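*Asks:* Here's the letter readout for the chains.
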Amino acid sequence: MFEVPVFDDLNAWAALPIILLALGTSILLVADLFIPEDRKRLTASLALGGVTVSLVVAMLQALGVEIGEQGAAFADMFIADQFTYVVNVIALSSAFIGILVSYDYFERAEVKRGEYYSLLLFSTMGAMLMGASRNLVMIFVALELLSIPLYLLSAFRKPIAASEESALKYFLLGAFSSGFLVYGITLLYGATGTFDIDGIWTAAVEIIDGEISRQFTLIAGFGLVIVGLGFKVGAVPFHGWQPDVYQGAPTPVTAFMSVTAKTGGFAAMLRVLVAGIPVVVAEDIAMWQDTIQVIALLTLVLGNFVAIMQDELKRMLAYSSIAHAGYLLIAVAAGGTEGIGDQAAQSALIYLLAYTFTNIGAFAVVVAMEHVDYSGTKLNDLKGLSNTNPMLAAVMALFMFSLTGIPGTAGFVGKWFVFKAAIDADLVLLAVVGVLTSVVSAFYYLRVVVNMYMEPGTPETQPETPSLRWALGITAAGTLILGILPYFMTELAEGVTVALIR
Amino acid sequence: MNELSLPTILLLAPVVGMLVIMFWRNMSENRAKWVALIASLVTFGLSLLMLVAFDPDVDGMQMEEIHNWIPGANISYRVGVDGISIWLVMLTTFIMPLAIVSSFETIKERVKLYYIFMLMMETAMLGVFLAQDLFLFYVFWELTLVPMYFLIGIWGAEQRIYAAVKFFLYTMAGSILMLLAILWLGINAGTFDVIQIQEMVQAGSLGMSETTQRLLFVGFFMAFAIKVPIWPFHSWLPDAHVQAPTAGSVILAGVLLKLGTYGLIRYNLFLFPEASRDFAPYIAVLAVIGIIYGAWVSFAQTDVKKLVAYSSVSHLGFVVLGIFALNSIGVQGAILQSVNHGISTGGLFLIVGILYDRRHTKAIEAFGGIWKVMPLFAGIALVITLSSMGLPGLNGFVGEFTILLGSAGSEVLGMWYTAFGALGVILAAVYMLFMWNKVFMGPLDKPENAALQDLTWSRNWHELGALVPILIMAILIGIYPSPFFELMDGTVSELTSFLDSVAIVSR
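As given, the protein sequences belong to chains A and B, one line each in that order.
For the first sequence, the working numbering assigns the number 1 to the initial residue and increments by one for each residue that follows.
For the second sequence, the working numbering assigns the number 503 to the initial residue and increments by one for each residue that follows.
For the record, the hints were derived by calculation from the structure and aren't laboratory data.
Note that this is a predicted model, so its numbers are computed, not measured.
Cβ atoms here follow ideal geometry from the backbone N, Cα and C, with glycine treated the same way.
Among these hints, one or two may not hold up.
Straight-line distance between alpha carbons at most 20 Å, and here's what the computed EDC-like set of lysine to aspartate or glutamate pairs gives [unchecked claim]:
hint: 1; chain 1: A; residue 1: K383; chain 2: B; residue 2: E660
hint: 2; chain 1: B; residue 1: K874; chain 2: B; residue 2: E950
hint: 3; chain 1: A; residue 1: K112; chain 2: A; residue 2: E464
hint: 4; chain 1: B; residue 1: K668; chain 2: A; residue 2: E455
hint: 5; chain 1: A; residue 1: K158; chain 2: A; residue 2: D290
hint: 6; chain 1: A; residue 1: K383; chain 2: B; residue 2: E611
hint: 7; chain 1: B; residue 1: K948; chain 2: B; residue 2: D805
hint: 8; chain 1: A; residue 1: K158; chain 2: A; residue 2: E37
hint: 9; chain 1: A; residue 1: K378; chain 2: A; residue 2: E312
hint: 10; chain 1: A; residue 1: K158; chain 2: A; residue 2: E115
hint: 11; chain 1: A; residue 1: K383; chain 2: A; residue 2: E312
hint: 12; chain 1: A; residue 1: K40; chain 2: A; residue 2: E144
hint: 13; chain 1: A; residue 1: K169; chain 2: A; residue 2: E206
hint: 14; chain 1: B; residue 1: K610; chain 2: A; residue 2: E455
hint: 15; chain 1: B; residue 1: K614; chain 2: A; residue 2: E455
Just so you have them, the derived chain B footprint on chain A, three or more residues with Cβ under 8 Å [said to hold, decoys possible]:
hint: 16; stretch: 393-407
hint: 17; stretch: 415-426
hint: 18; stretch: 432-438
Between beta-carbon pairs, the in silico distance windows are [unchecked claim]:
hint: 19; chain 1: B; residue 1: S1003; chain 2: A; residue 2: L485; range: 51 to 61 Å
hint: 20; chain 1: B; residue 1: G967; chain 2: A; residue 2: L485; range: 32 to 42 Å
hint: 21; chain 1: A; residue 1: V428; chain 2: B; residue 2: F1000; range: 26 to 36 Å
hint: 22; chain 1: A; residue 1: A477; chain 2: B; residue 2: G967; range: 35 to 45 Å
hint: 23; chain 1: B; residue 1: G944; chain 2: A; residue 2: A477; range: 54 to 64 Å
hint: 24; chain 1: B; residue 1: P734; chain 2: A; residue 2: A477; range: 39 to 49 Å
hint: 25; chain 1: B; residue 1: G967; chain 2: A; residue 2: L60; range: 49 to 59 Å
hint: 26; chain 1: B; residue 1: P949; chain 2: A; residue 2: A477; range: 52 to 62 Å
hint: 27; chain 1: B; residue 1: G562; chain 2: A; residue 2: L485; range: 25 to 35 Å
hint: 28; chain 1: B; residue 1: H569; chain 2: A; residue 2: L60; range: 24 to 34 Å
Extracted from the complex, chain B is given alone in its bound form:
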């Protein structure tokens, strides 16, 4: 178990790329781009290996690696992957090369530094998904703040410094209380090893009182709720999204927010089953409010990027609803929807970025009739928009449908949650189509728009190169989702049957 495992190699691959860019003397900026792209592609390739090696019949962790890290303090380096994290790892490695290639032409200042932070970001995010020790997890969790802070603050739009600082402080404030919860857990369990603590929780040998469990639940929940973000903790998100450079938004929406939903499953559900049950209806109310609020506010936006940003609040409301349905269907739907949202919203941010690069504005009314000059681009945008709003046959539908199914059949939630959640699906159709319609349809009455040229492989290969994989995945998950569910089924069923057993005991 102690030779270099695939998760460790996965974590190291971007770091190697980062070090090459850092220490290669006189590397040209052009070459730095390619090093970053290659490093992220290699990471993607390695993650494919991991996918192949992944055994869906194993319910718990696999491909584990354990080392003593700080022996005196019961802290170890433990990484591994299971049915919950495998798709999120894949999402990360899938999105990163796209984010990198999409920045090839748009990032012109301090290029090397930019790609160093991109690769650092990748390792930090993968680390959160792979870490199986609370100390290690926290290290990666906080580490994601640093590169994103720089990405927003250096390469962002006009209000970038405000957005970067707000992002950093807001998310740090949330996670810092989790640090205390982690310390409490570790001290009482005598280890920071997540798997061991999980076993203790399942055996009931940790001896947490109801109050303690609830307090710790809240400690973890606040960190994740801010990251997701669950309404009303979302106020950092529009600022960060709108100010970040395109690739930054793609990463933020695509992966970073999923750290929160992943954390809710891995830590809140696994470690505090009773408290999860007690709080589930309330959190689900917040989720439903978020779904409707996000949709409502999106509809009112005049800025395309802001519209997409608020739509994230709405979409992630679904994910949280699915998680706190506390049944297998709901949680599986939540995980798949996390991936879907990463793909669709990542794609939407790329589209906004492409428009912005050409027109230097994000105001909806500045566009109109783009379809006529950029038919291919408009077509791709249409598919991604439809996937984001949950059209059957595309990925968004599969996730949202499963989540609503889960919440309807949930013991702790019920039809009302599903009904209001479904309202969000309808609203999504309204604001998404409204946006697409205003931008791509209508008369081509502005001369700047008329001068636009369509994307072609020879001229815009990096833009198409980022969009096409997203398109393929959106369709693939939409028409053939079963393999995605298969891999997570074992772990999730294990989790939910555990949650059910807790419910029976408490009755």
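The following block holds chain A by itself, in its conformation from the complex:
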């Protein structure tokens, strides 16, 4: 039934950045065996080099330079379009900064294991593949590639109980949610007879006029897919794992996964929902846009309000990252309105790019504060930071303002485009809730600034090493530059379309 594909038919070079990264990572995995324990800096540098190569290629592709192939590849499992390119840039940037943040942290904690970097890069590949999938099976495989390394990375600070607990919790709940995703995929297959996202669209359009039972199968299918992906991005009510896992995982891992898992999850969500399932089905049946709207509302409200009550910085950032999933869900919901799909995807990617720099930056500050035994990250531990370490306080304030969405920072640009998409899509209620919860979020982000600048105290910070300083510098510069000259982001996002070859 199947023909064995010839290499030329695969159009394999469409996946050039991923292939490069996969090659690099595999080499790294082997090379690390020969690198002695006290020279793991070399592993980190090699990993950084591999990411850089791949990032440069991805960046050039995103800017319109034709490297590698474009379009569908691997027997229509894979697609390389502007959407893919931008997702690649986001995932690779977060890997790059993630490695910079990690090195000193693990050095300080005396965890000298080179496979850390390989795992981090495999996870990055998973996120990249999720943005490039045009097939549900592929999305599932990519999701596992994204998740399994993250489970392991969360446990990297064993024997600290919090780290182990975090990994186990993440693994169990993650496996559970994967189950939902797979079940949803099978139901979608049952309803439409295909795994191909484009094929699902065509079939779904037919189902709209067809029999009611197939409609229910379709709805149950994408409903379960939403559950599975909603778990990955930390949307309410599937967010339960996030605070504990974020708090327990080693901080650099939290920084990395807060961005990468979201990137992958939202990329897949945009592909499956916006490109795969038409919103207009029978009028009396709620379609996915309404479902996502409800989830977005819950996520925004819960994430922001519960974050207020946190007194631990990492946990607060965990809830804040739930809240940011809410803003991204606004973009996804907007994608359901006819004609807004591309704009919604662009806004989501702009938001993710802005979020990447800001959020990893904020966690990098946590790394600079945290003691080896996980202490030192209470909000109160920040008191007086602007006196003892003005630069660190200044960049943290910048990140907090960016997360709030104050103009002049990348976060504002992200919010601007997301809300614009929402208004264009006539989701005014969602936009209103979105902006009002931003005010709520200002409350807890400002508390960080208050503690750093307006309260007396002499907090201890860890000695800053060059790689951490680089990470802080890159993230701060990124937050500021993208905020003042949003052109860089909008230029990348401009050609993004979600629609597959239709």
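Since the structure of chain A is already known, use the hints to place chain B on it.
*Replies:* This is chain B only, laid out in the frame that chain A set:
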């Protein structure tokens, strides 16, 4: 049109000062002060150039500069100045050096950071007045929150953190809905360029339904109403004013509140003429309530700074009344009164600051008889107090009188508004004179007060240096206001004739 224009240079001048303080290695704190002062003086000088270059015969924008900023999203960098903004720009550049020089001796902690925020504040405020693109405007508008938040929160009084956070959240809550209104306007107009949208509104080609226009009006109005603040949205103001350091209060009262009144004119009147007409009587009622409420509450205060803070609510009620008279006299009076209030109330806060520095209290009963030990200071205080309460011959009178004239002759308002507004003038005289009397007159019965020394140029040059320009301007505007009206006449008449034409159509 695309070489560096005066407005852009004006925006950059404080930024340059800011960067110098930030990145000059090992700059002493003393030098940082001077850099800040020089930067703000240079900005003032540049704004004088702008005033000279300003052509009163042009009705619309002048000295414009346009660049593509985010081409894909129809966002441009567009700045310019017209008859409505020119005096507010001048007010800003005039107040800032005074605020900076007045902090020379009072700010002793984290000096560099303080002046960095001061200069950042100046750019942000100027940006609001100069921006002619909704995105750019919003950027500057929200950006004003950040430095003021730090100024209150770091250098403020005991309750500073509460006041700073309240200030930030309250004003952000107001402006965030404006963001949605801006987005809606921009999406439907296909551009965020204010001038272009204005033209579309005037040509009637934007196609807003009545409901939409009203909703958008409210979206913008809430942001400005909180900033002004219009009663009942004023509750952040007493906290912020009282807790802020002296210079912070001066900037808050002097300029920051005017961002709100400016916004009401530039955005609400220009973009939503019908809705402005429909809502004008109601908003004017709020304004009149504010006038009387502010005066009433001021009278009850035992704290000098709080008294001055509440008097702002009352004074800005006049400004709002003038704006929503929707005629040329009213709007011109409102703009001039915005400037006047900046000068008078800025001066009053400086006076309170000088008293506080010497006595470390702001309670009215702690003073008395200061005239006897500080005659020069008391004299200056008297003139500024009188200017604030609107004595003829001083600046406050010109503004308030014009506004009342405007509201009396307004088609949408009427004599009742004027009558109640005028009541506010009388009340202002009561609480202002009451305050001055208690502080400066009476027996010199407290030993701490008796030990005070008068201001002299050699000892207190920075304090006098801040007060004297204010004194000069208060008198100058009071006796010779016509040049001030001349510059704004063209633009304002254009606006009001447009508003009238809308009224005729709707009838």
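*Asks:* Looking at the structure, which of the earlier hints fail to hold?
*Replies:* 5, 12, 13, 19
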